[in-house]
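Residue numbers for the sequence shown follow my numbering, beginning at 551 and rising by one.
Worth double-checking, as some hints may not be accurate.
Unchecked claim - The calculated label-pair distances, taken between Cβ atoms and stated as ranges, are: (1) SER747 with GLN768: 20 to 30 angstroms; (2) GLY767 with PRO708: 27 to 37 angstroms; (3) SER699 with GLY734: 26 to 36 angstroms; (4) LEU739 with LEU629: 21 to 31 angstroms; (5) SER747 with GLY767: 16 to 26 angstroms; (6) GLU587 with ASN707: 15 to 25 angstroms; (7) GLY734 with PRO705: 31 to 41 angstroms.
Keep in mind that the hints were calculated from the coordinates and are not lab data.
Ideal Cβ placement from N, Cα and C applies to all residues, glycine included.
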Amino acid sequence: MVYALALIGNLLLAAVASATPTYGPYTGNNWAGSVLESTQYAAITGRFVVPKITYPQPQTSGLAGAAAWVGIDGYKTCLSADFQAGVSLDIVNGVVSYNGFYQWYPNAPVFFPSLTIAAGHTILVNVTTTSPTTGTAIVQNLSNGQTGSVTLSVPKNPLCRLSAEWIVGTYTDTGVAVPLANFGDVNFLNAVATTVSGATQGPVAGPIFNIIAPATGQVLTQTTPTANSVDIRYIGP
Numbered sequence: 551m552v553y554a555l556a557l558i559g560n561l562l563l564a565a566v567a568s569a570t571p572t573y574g575p576y577t578g579n580n581w582a583g584s585v586l587e588s589t590q591y592a593a594i595t596g597r598f599v600v601p602k603i604t605y606p607q608p609q610t611s612g613l614a615g616a617a618a619w620v621g622i623d624g625y626k627t628c629l630s631a632d633f634q635a636g637v638s639l640d641i642v643n644g645v646v647s648y649n650g651f652y653q654w655y656p657n658a659p660v661f662f663p664s665l666t667i668a669a670g671h672t673i674l675v676n677v678t679t680t681s682p683t684t685g686t687a688i689v690q691n692l693s694n695g696q697t698g699s700v701t702l703s704v705p706k707n708p709l710c711r712l713s714a715e716w717i718v719g720t721y722t723d724t725g726v727a728v729p730l731a732n733f734g735d736v737n738f739l740n741a742v743a744t745t746v747s748g749a750t751q752g753p754v755a756g757p758i759f760n761i762i763a764p765a766t767g768q769v770l771t772q773t774t775p776t777a778n779s780v781d782i783r784y785i786g787p
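Required output: the full structure, derived from the provided sequences and hints.
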């Protein structure tokens, strides 16, 4: 992300402009994917192939982007916190970048400096919570063997653990909505959420969402869940 997901300062990624991006909670038109909300959730995982992104038509320059991630909370009954990890997908003045990240919202997102990611790489993401204030995020690049991992304790922003989600989402940059990049297709496979009691659920068990262009109302994505996967396709201009 050209954002440092707000990791401002620590990491400046060469191909992207420094800014203050935010992958926030659900606001009604910024998520595409599947959300589970029937109980309390302790963990979520999913594997996907990084897509080749392009500008949405008719855009030919500037910034466009998205993020493919899995996470706990950030939906409806718990907008005050969410814990997520995945890959940012950005194009800035024609330069494409892919970066692994984690975020315990409302804290700023942070990139994993140890990860090199390219279109076509297979990524496995795991987000696990051991309590409402502690958790671990792991982003593994199965194509090159690199892994980014972090364990956090965030007592000031406890999770509710009331939802689990597989998402391709838009984000804001210094408070301004960034155009959704044409991400083609992101298919989360081996998609499983684990409840605090140890039961497992797949994407088909919850509602699905699609991203809508705020200015025009055009539906930009198509989400198709199964028992253990959720396919998210870009269908915009």
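**Q.** Range hint compliance [Cβ, SER747 to GLN768, 20 to 30 angstroms]
**A.** violated, 41 angstroms
Q | Range agreement (Cβ of LEU629 with Cβ of LEU739, hint 21 to 31 angstroms) | A | Given about 28 angstroms between the Cβ atoms, the range holds.
Q. So does GLU587 sit 15 to 25 angstroms from ASN707, Cβ to Cβ?
A. holds, 20 angstroms
Q: Evaluate the given range 26 to 36 angstroms for the C-beta pair formed by SER699 and GLY734.
A: Holds, at about 28 angstroms.
(Q) 31 to 41 angstroms was suggested as the range; check whether the CB atoms of GLY734 and PRO705 agree with it. (A) holds, 40 angstroms
Q) So does SER747 sit 16 to 26 angstroms from GLY767, Cβ to Cβ? A) violated, 40 angstroms
Q. Do the Cβ positions of GLY767 and PRO708 conform to the proposed distance bound of 27 to 37 angstroms?
A. holds, 36 angstroms
Taken one by one, the earlier hints fail for this structure at numbers 1, 5, listed in ascending order.
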